[in-house]
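Chain by chain, the residues run as shown.
There are 2 protein chains.
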Amino acid sequence: MKDVISTILNHRSIRHFEDKPLTDEQIHTIVSCAQAAATSSFIQSYSIIGVKDKNKKKKLAELSGNQEYVEKNGHFFVFCADLYRHTLIGEKEQKNLNPSLESTEKFMVALIDTALAAQNAAIAAESLGLGICYIGGIRNNLEDVKELLNIPDRVIPLFGLAVGYPALITDKKPRLPFEHVYHEDEYEQNMEHFYHQLDEYDQLISDYYKTRTNGQRKDRWTEQMANMLSKQNRMYMKEFIQKNKLDLH
Amino acid sequence: MKDVISTILNHRSIRHFEDKPLTDEQIHTIVSCAQAAATSSFIQSYSIIGVKDKNKKKKLAELSGNQEYVEKNGHFFVFCADLYRHTLIGEKEQKNLNPSLESTEKFMVALIDTALAAQNAAIAAESLGLGICYIGGIRNNLEDVKELLNIPDRVIPLFGLAVGYPALITDKKPRLPFEHVYHEDEYEQNMEHFYHQLDEYDQLISDYYKTRTNGQRKDRWTEQMANMLSKQNRMYMKEFIQKNKLDLH
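Listed in order, the protein sequences are those of chains A and B.
Here the numbering used here runs 377 ahead of the position in the first sequence, where the first position is 1.
Here the numbering used here runs 377 ahead of the position in the second sequence, where the first position is 1.
Wrong hints could be hidden among the right ones.
Same chains, same names: a pair is fine if it fits in one copy or spans any two.
Distance condition first, Cα-Cα at most 20 Å in a straight line; then the derived EDC-like pairs of lysine to aspartate or glutamate [claimed, not checked]:
(1) LYS449 x GLU561
(2) LYS587 x GLU561
(3) LYS615 x GLU479
(4) LYS449 x GLU439
(5) LYS431 x GLU561
(6) LYS523 x ASP576
(7) LYS431 x ASP579
(8) LYS435 x GLU524
(9) LYS397 x ASP430
(10) LYS595 x ASP584
(11) LYS608 x GLU468
(12) LYS550 x ASP596
(13) LYS469 x GLU402
Note that these hints are calculated values from the structure, not bench results.
Construct the entire structure; sequences and hints are all you get.
This is the structure in structure tokens:
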């Protein structure tokens, strides 16, 4: 039995798994935990696709930028924001739900719902002694992911979750300073504090990389973020989402 | 010490709290757990505002549609998707990050990041014997919420999280059938199964309400969803998000 707080604080992404599949019972527990998460107005606007088929996993790994751990793990889940179900409910109940389902508000609800469910799944898996890694890389090419998994309109695969028995456990990465993320009563906009906190954190992250790479790598966090964000990535997304009849107005 | 799986499966929303504030240590633990969640490319694109000020809590309760438990709880957190920090990092590192920060992809990343962090906070709080309730109602009027909490551009308050000592514990609501939410290897689109599962679930939910309201209420889930979604709600959201220089292209 694992303590909740220590399970949560002990999280690190696992990218090397043993060649040992999860049992159906483990999968059932993980998905049931996902479903137990809060959901906005009881809408339950997500679906989860578990991928066992080896060819599909191989293809997903390619589509995600050749990430080996998408193919080699104990189980691979694809978490999808899902308003297709509610589209069919509109037909069943003979009501026009489209203006609502096409709104930015409901797009946000579906994303949040899916992520809350996924984090429950992640924590549940970790409490079972398994490791996890979120795979945003499936968003590199969502058209192909949708085709591969036969996914209808108004269902957006948001990320994968690779789960399995850890073969290599890495270090935890230090997070932003508590005071930088947590504000009281209002959003603090004191720029002196802001940059001071970032400078301290930059040093911490630089030291973290230096120690772990024998000095090969020593990038600061703000440098890393600026490099990452100066590249334009997945810029097809707006068109893709709107083609799926979501986030239109 | 509480077991992770049973904590997760035991979740229900709490809407009546004792008049007993959380300690700073509890708040620190909950926020640290939030920060331990996975974050896309290490971007950490969220902030959390804890509201202690009584007038602000009262005002937030009004803005959320007069929900009393927004005012009366042990602590009230506002979870915000935050790309303001990265806007300033662009200035610091002298790189133009705007096309990236304005993209739908990064808007999605920020929402997902925030929700993963929030769910860690929720589970951590529940493991401490506290109850929680997510408050989507703060999205009723985000202009006023932003002004009240002095929130800059590119920071979107997504939801509140009321936390406290439960004064009234309600029943768990049954979720959609496992098979309806979890698919294997592809998204199942067998309409016969689909409607059959929904019919069974409708009966379950109808019975759930009947038992708990002495027959006063007996709505089916699909009926509830169709009614909720046939009303257009928070339709200002797209304009608001884009005014905040997010989800533009």
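Here is how each hint holds up against the structure:
| no. | hint | result |
| --- | --- | --- |
| 1 | LYS449 x GLU561 | between (44 Å within a copy, 17 Å between copies) |
| 2 | LYS587 x GLU561 | neither (34 Å within a copy, 43 Å between copies) |
| 3 | LYS615 x GLU479 | both (13 Å within a copy, 11 Å between copies) |
| 4 | LYS449 x GLU439 | within (12 Å within a copy, 51 Å between copies) |
| 5 | LYS431 x GLU561 | between (49 Å within a copy, 12 Å between copies) |
| 6 | LYS523 x ASP576 | neither (42 Å within a copy, 27 Å between copies) |
| 7 | LYS431 x ASP579 | neither (41 Å within a copy, 36 Å between copies) |
| 8 | LYS435 x GLU524 | within (15 Å within a copy, 49 Å between copies) |
| 9 | LYS397 x ASP430 | within (15 Å within a copy, 52 Å between copies) |
| 10 | LYS595 x ASP584 | within (7 Å within a copy, 60 Å between copies) |
| 11 | LYS608 x GLU468 | between (42 Å within a copy, 16 Å between copies) |
| 12 | LYS550 x ASP596 | within (14 Å within a copy, 48 Å between copies) |
| 13 | LYS469 x GLU402 | neither (33 Å within a copy, 50 Å between copies) |
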